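Student: Sequence:
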Amino acid sequence: MLSPSARAALPPPTRDAAPARTARAALAAAIGALALATAGCSCNHLVPFGLDAGAPTAPAKTPGAPSAEAPPPGAPSTPPAPPAQSQDAPKAETFATPVPQLDVGDAKFSLTEGGVAAALITDLDDDGDQDAVLARVLPDGSLTLLVATRGPDGFSLAPLATVDPPAPDAKLATSTSPTPAVAPDGAGHPSAPDADAPVRAVSLGPRFGAFVARFTSGDEALPVAVALRLDQPPRVLERWAVLPADGRVPGAVSLAVRGADADGDGHVDLVATVALAPPQGPPSSVDLVWLDRPSGLSLSPDEPEQSIATLADQARGALGNAPGDALDLADRALQLRAALCASSPRARLQVGSARGVRCPRSKGAALATAVRAAALAKAGALLDALDAQRALDRPGLDVTDKTRAVVEGALTAAAQTEGVGLRKLGPLAAEVDAPLSMRDDDTLLVYTSPARKVDLATGASSWIVRQLVPPIHDPLGRFTVGPVRRGCDGYFAPIIDAALGPQSAPLGHALIEPVEPPSGVRCPPTPSSFAQDTGGWSLLGWAPQGLVAVRGAEVRVAPLDAHGHAAGPSFALRSGALAPAPIAGPAITPDGRIYARALPAGLLVQTLGPGGGARLIRPEGWAALEGSVEALALAPSGRRAVAHKGAALYVLDW
Numbered sequence: 156m157l158s159p160s161a162r163a164a165l166p167p168p169t170r171d172a173a174p175a176r177t178a179r180a181a182l183a184a185a186i187g188a189l190a191l192a193t194a195g196c197s198c199n200h201l202v203p204f205g206l207d208a209g210a211p212t213a214p215a216k217t218p219g220a221p222s223a224e225a226p227p228p229g230a231p232s233t234p235p236a237p238p239a240q241s242q243d244a245p246k247a248e249t250f251a252t253p254v255p256q257l258d259v260g261d262a263k264f265s266l267t268e269g270g271v272a273a274a275l276i277t278d279l280d281d282d283g284d285q286d287a288v289l290a291r292v293l294p295d296g297s298l299t300l301l302v303a304t305r306g307p308d309g310f311s312l313a314p315l316a317t318v319d320p321p322a323p324d325a326k327l328a329t330s331t332s333p334t335p336a337v338a339p340d341g342a343g344h345p346s347a348p349d350a351d352a353p354v355r356a357v358s359l360g361p362r363f364g365a366f367v368a369r370f371t372s373g374d375e376a377l378p379v380a381v382a383l384r385l386d387q388p389p390r391v392l393e394r395w396a397v398l399p400a401d402g403r404v405p406g407a408v409s410l411a412v413r414g415a416d417a418d419g420d421g422h423v424d425l426v427a428t429v430a431l432a433p434p435q436g437p438p439s440s441v442d443l444v445w446l447d448r449p450s451g452l453s454l455s456p457d458e459p460e461q462s463i464a465t466l467a468d469q470a471r472g473a474l475g476n477a478p479g480d481a482l483d484l485a486d487r488a489l490q491l492r493a494a495l496c497a498s499s500p501r502a503r504l505q506v507g508s509a510r511g512v513r514c515p516r517s518k519g520a521a522l523a524t525a526v527r528a529a530a531l532a533k534a535g536a537l538l539d540a541l542d543a544q545r546a547l548d549r550p551g552l553d554v555t556d557k558t559r560a561v562v563e564g565a566l567t568a569a570a571q572t573e574g575v576g577l578r579k580l581g582p583l584a585a586e587v588d589a590p591l592s593m594r595d596d597d598t599l600l601v602y603t604s605p606a607r608k609v610d611l612a613t614g615a616s617s618w619i620v621r622q623l624v625p626p627i628h629d630p631l632g633r634f635t636v637g638p639v640r641r642g643c644d645g646y647f648a649p650i651i652d653a654a655l656g657p658q659s660a661p662l663g664h665a666l667i668e669p670v671e672p673p674s675g676v677r678c679p680p681t682p683s684s685f686a687q688d689t690g691g692w693s694l695l696g697w698a699p700q701g702l703v704a705v706r707g708a709e710v711r712v713a714p715l716d717a718h719g720h721a722a723g724p725s726f727a728l729r730s731g732a733l734a735p736a737p738i739a740g741p742a743i744t745p746d747g748r749i750y751a752r753a754l755p756a757g758l759l760v761q762t763l764g765p766g767g768g769a770r771l772i773r774p775e776g777w778a779a780l781e782g783s784v785e786a787l788a789l790a791p792s793g794r795r796a797v798a799h800k801g802a803a804l805y806v807l808d809w
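In this note's numbering, the protein residues as written are 156 to 809.
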């Protein structure tokens, strides 16, 4: 809606452009109208763009309707020559700088305040006179769309819409082009279509047009496009805007709008082309099509999924010989989805008042995610590869077994097999949920009831009569922890009395990562969907500073006091730092330098601190062993591990 100040600036009807009509011309027009009225009428038409059933259907469209666009990043500034328009298509006028006066057919129209930046000229009311929809720029830089309808007494002016900037600090751009030449009598301002103009008008086809406004925020271009149905009265069909990059997908985003019969039904459809140019690498673009349907505009489900899938397929094809190119292509696919889809908090496109477009579950994005993980594994970035692999479990992805196999194959190929020994230690039922730990490199503790001690050199075992403190415990041996869970405030591990065991009620919890519940989810109570959600976190152990957990390359500490109570917010260790020590945990050395994690592809061994790194250990015959790893213990030396896999214990040496 127009502000009171903008409405007050509307000029009164002008009388300097009244059409010169003769009685003969008026009589001829009346006879022509009567002849048309008495001709046959076919009323079984579809109603385009949700118009009332009594409204006229748009005439058959003219192929090659021009495009309303802000040039994509890096494109030349000179616009292409517009194609020929049919007599029913509006005439588009664009000015490098706003002008106070406009030629509308054989008449002239003037504004009392502000200037016309662009106009769509057509016969809105089918009375034989040319009318116009104007983009007016006021002195304060605000942009409004006005309807100038020609009548017997001149032009009447009415507001249509306000074009708001896409960000609070965004301003309508000013042209750097010279002001168009003005005739000596001040009567004419030649049209100056220019990509540098603040607003451009483009004819999209019969009865359809668009304005593209060029807003800027700092050095960032933020185009806004408005598509119109040019009936009487005209109305806005759709609005698109590019949002700032701050906190969203980085890069320059361009926007183009054109009319085309995308589905071959004889009606003009709207096509919005969005191009994303990342800070590095080539741009990616997608055509989003809004189809003309009797009930209104309907976004075609083909895009952006088709463009994402194409990039993902190209990435998979490059994975074998050019993993670097595969990584770039996969990133482009994922960034394109993040920039366009409503499910992404980093979306750059706004449609109407909504952020992004609705996207279905994506096989293309799932494949791109898998290829990204595989490319990182091939490059030796194992922790980053594992993070990318974990992303396959995010909502919105349609993941198949074939897609997961892309990652598993790359991780298997990246594993170290030479110099890795494997031997079977003895049977242990797969259903036994028994933690393991290693007192030294030759002594294994199995936390059955009662516990067992196993000599790794001889394989001999003996029962331990006294009760053992669980592998992860506080420095005084009074508390232990349960598995990581998700609650209303984030991911946490419950604190448990070690003497009472895991079935006892938690005494509290250690918050590992604070996370807000998803939008629209009521919490508390804790939703059932959180039951299996660990956030990818694995517990490493308990140090004097608190509980230590790991996810990919990130190691976090949840501070706890001597009573197992929270002693401050959790924090991430800086890159290259050692874990707090001494630390009590089954798969981390007491000095906090080396930890191990079991993966389907093998055993990940990570060395923290200066000179650290990750490697994947996979002994010959590992894949043939049945079952998954139920428990894992790492020796204090960091060179030996014992795994409970399937129904047996196995010793790995490297």
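What the hints contain is simulated information worked out from the structure, not anything from laboratory work.
Computed from a predicted model, the values in this text were never measured in an experiment.
Honestly, I wouldn't trust all of these hints.
Think about it this way: if two alpha-carbon atoms lie no more than 30 Å apart in a straight line, the pair counts; the simulated DSS-like pairs of lysine-lysine are [unchecked claim]: (1) Lys557 to Lys533; (2) Lys326 to Lys246; (3) Lys579 to Lys518; (4) Lys263 to Lys246; (5) Lys579 to Lys608; (6) Lys518 to Lys533.
For each label pair, taking beta carbons as the anchor points, the in silico distance ranges come out as [claimed, not checked]: (7) Asp596 to Pro630: 43 to 53 Å; (8) Glu573 to Pro680: 51 to 61 Å; (9) Gly419 to Ser684: 16 to 26 Å; (10) Gly551 to Ala615: 51 to 61 Å; (11) Ala708 to Arg501: 18 to 28 Å; (12) Gly723 to Gly656: 23 to 33 Å; (13) Leu655 to Asn476: 56 to 66 Å.
Every residue gets a Cβ at the ideal spot worked out from N, C-alpha and C, and that includes glycine.
Student: Using the C-beta atoms of glycine 419 and serine 684, is the stated range 16 to 26 Å upheld?
Tutor: Violated: the Cβ-Cβ distance is about 43 Å, outside 16 to 26 Å.
Student: Do the beta carbons of glutamate 573 and proline 680 sit within 51 to 61 Å of each other?
Tutor: For glutamate 573 and proline 680 the Cβ distance comes to about 52 Å; the hint holds.
Student: Regarding aspartate 596 and proline 630, is the given constraint of 43 to 53 Å on their beta-carbon distance met?
Tutor: The hinted range 43 to 53 Å is violated for aspartate 596 and proline 630, with Cβ atoms some 23 Å apart.
Student: Holds or violated: lysine 579 and lysine 608, Cα atoms, limit 30 Å.
Tutor: OK: lysine 579 and lysine 608 at ~16 Å, within 30 Å.
Student: Taking 30 Å as the top limit, are the C-alpha atoms of lysine 579 and lysine 518 close enough?
Tutor: With Cα atoms ~41 Å apart, lysine 579 and lysine 518 exceed 30 Å; violated.
Student: If you draw a straight line from the CA of lysine 518 to the CA of lysine 533, is it 30 Å or shorter?
Tutor: Given that 30 Å is the threshold and the Cα spacing comes to 22 Å, the pair holds.
Student: Can you tell me whether the CB distance of leucine 655 to asparagine 476 sits inside 56 to 66 Å?
Tutor: Cβ of leucine 655 to Cβ of asparagine 476: about 58 Å, so the range 56 to 66 Å holds.
Student: Is it true that the CA of lysine 263 sits at most 30 Å from the CA of lysine 246?
Tutor: 15 Å, holds
Student: For lysine 326 and lysine 246, compute the direct alpha-carbon distance and say whether it is at most 30 Å.
Tutor: With Cα atoms ~27 Å apart, lysine 326 and lysine 246 stay inside 30 Å; holds.
Student: If you check the beta carbons of glycine 723 and glycine 656, does the distance land in 23 to 33 Å?
Tutor: 28 Å, holds
Student: Does the Cβ-Cβ separation between glycine 551 and alanine 615 fall within 51 to 61 Å?
Tutor: 53 Å, holds
Student: I want to verify a distance hint. Is the separation of the beta carbons of alanine 708 and arginine 501 within 18 to 28 Å?
Tutor: Check passed, 21 Å falls within 18 to 28 Å.
Violated hints, in rising order: 3, 7, 9; the structure is consistent with all others.
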